[in-house]
Amino acid sequence: MTDASYRDAIFSTPLDRVASFSFDEQVVACFPDMVRRSIPGYGQILGMLGLLAERHLRHGAHVYDLGCSLGAVGLSLAGRLAPEAFALTGVDLSPAMLARARATAETEAPRHQLAFVEGDIRELDYRASGMIVLNFTLQFLPPADRDAVIARLFEALEPGGVLVLSEKIVAPDEQENAWLVERYHDFKRANGYSDMEISQKRTALENVLVPDTLAQHQARLQAAGFGRVTTWFQYLNFASMVAFKERAGGARTETADTSAGGDPA
Numbered sequence: 048m049t050d051a052s053y054r055d056a057i058f059s060t061p062l063d064r065v066a067s068f069s070f071d072e073q074v075v076a077c078f079p080d081m082v083r084r085s086i087p088g089y090g091q092i093l094g095m096l097g098l099l100a101e102r103h104l105r106h107g108a109h110v111y112d113l114g115c116s117l118g119a120v121g122l123s124l125a126g127r128l129a130p131e132a133f134a135l136t137g138v139d140l141s142p143a144m145l146a147r148a149r150a151t152a153e154t155e156a157p158r159h160q161l162a163f164v165e166g167d168i169r170e171l172d173y174r175a176s177g178m179i180v181l182n183f184t185l186q187f188l189p190p191a192d193r194d195a196v197i198a199r200l201f202e203a204l205e206p207g208g209v210l211v212l213s214e215k216i217v218a219p220d221e222q223e224n225a226w227l228v229e230r231y232h233d234f235k236r237a238n239g240y241s242d243m244e245i246s247q248k249r250t251a252l253e254n255v256l257v258p259d260t261l262a263q264h265q266a267r268l269q270a271a272g273f274g275r276v277t278t279w280f281q282y283l284n285f286a287s288m289v290a291f292k293e294r295a296g297g298a299r300t301e302t303a304d305t306s307a308g309g310d311p312a
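Okay, so the sequence shown: first residue is 48 according to my numbering, each after it adds one.
Hints are computed from structural coordinates only; laboratory data are not their basis. Predicted model only: the values in this text are computed from it and were never measured. Among these hints, one or two may not hold up.
[What the hints assert, rightly or not] For lysine to aspartate or glutamate, the following EDC-like pairs were computed, each having C-alpha atoms within a straight-line distance of at most 20 Å: (1) LYS215 - ASP233; (2) LYS215 - GLU229; (3) LYS215 - ASP192; (4) LYS248 - ASP80; (5) LYS215 - GLU244; (6) LYS235 - GLU223; (7) LYS235 - GLU101; (8) LYS215 - ASP259; (9) LYS248 - ASP220.
Construct the entire structure; sequences and hints are all you get.
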């Protein structure tokens with residue numbers, strides 16, 4: 048990163064009143080540490096995005112990273128694809144996040160076309176794109192707005208394009224969900240968070256981050272028109288899905304040479 052990144056200690060002292068979570072400058076300063084210690088599999092998800100782009104993205108296509116935070120998706124793609132292979136637009140509501148994303152892209156991927164704009168993904172005028180990524184973004188929108196956003200993203204995708212959706216999820220079975228939440232808290236303790244930090248952050252996120260079940264996500268994607276939805280990653284109560292917008296005739300979206308054998312689906 049171009050700036051110093053600090054250890055997440057936002058909730059490490061007792062607070063008389065825990066304010067709702069927001070992506071302000073305090074969060075930006077410690078964000079890399081926060082996501083590393085708070086989101087199981089975050090690094091693996093980022094690493095896979097470049098591989099998915101190699102397989103599915105048309106050469107020269109446009110990519111959206113919605114809720115881009117510090118621009119890690121663009122760096123993942125830049126690490127796998129040549130500068131002329133894609134152009135990416137990152138969108139976020141946080142000016143502090145966007146400032147860091149621009150500075151990091153200029154330093155770490157200066158030859159790639161990585162642009163970052165402030166905007167609300169519910170109101171954006173989308174351009175045709177070959178890949179759209181929502182990494183832990185939809186969960187922060189009001190549930191009533193989510194169907195319309197996914198429907199708009201389906202329309203923005205080119206035939207053969209893919210949508211990658213990563214989210215915190217809730218299990219439909221109460222006992223299973225309680226177990227997943229308990230193990231997630233164990234994960235955070237193992238990464239150095241105290242019980243007080245876990246409790247205060249959970250309070251801060253209440254009614255700010257509202258998770259859906261995997262089935263709800265899958266139904267929403269299919270209702271928007273995606274013909275194939277695959278949950279390719281799950282670690283405790285965090286998951287990532289890839290949804291395919293089929294070409295005419297239902298052709299597959301793989302673009303790389305698969306002649307070496309194996310099932311590319």
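How the hints compare with the structure:
A C-alpha spacing of about 16 Å is found between LYS215 and ASP233, which places the hinted pair at or below 20 Å, so the restraint holds. Between LYS215 and GLU229 the alpha-carbon distance is near 14 Å, which keeps this suggested pair within the 20 Å criterion. For the suggested pair LYS215 and ASP192, the alpha carbons sit about 17 Å apart, so the restraint of at most 20 Å is met. Taking the CA atoms of LYS248 and ASP80, the gap is near 15 Å; set against the 20 Å cutoff, the hint holds.
The suggested pairing of LYS215 with GLU244 holds, with an alpha-carbon distance near 19 Å, which does not exceed 20 Å. With a C-alpha separation of about 19 Å, the suggested pairing of LYS235 with GLU223 holds against the 20 Å cut-off. Our distance criterion of 20 Å between C-alpha atoms is broken by LYS235 and GLU101, whose separation comes to about 33 Å. Restraint check for LYS215 and ASP259: satisfied, since their Cα atoms lie roughly 8 Å apart, inside the 20 Å limit.
Proposed proximity of LYS248 and ASP220 is contradicted: the alpha carbons are some 24 Å apart, above 20 Å.
This entry does not satisfy hints 7 and 9, going by the numbered hints stated previously.
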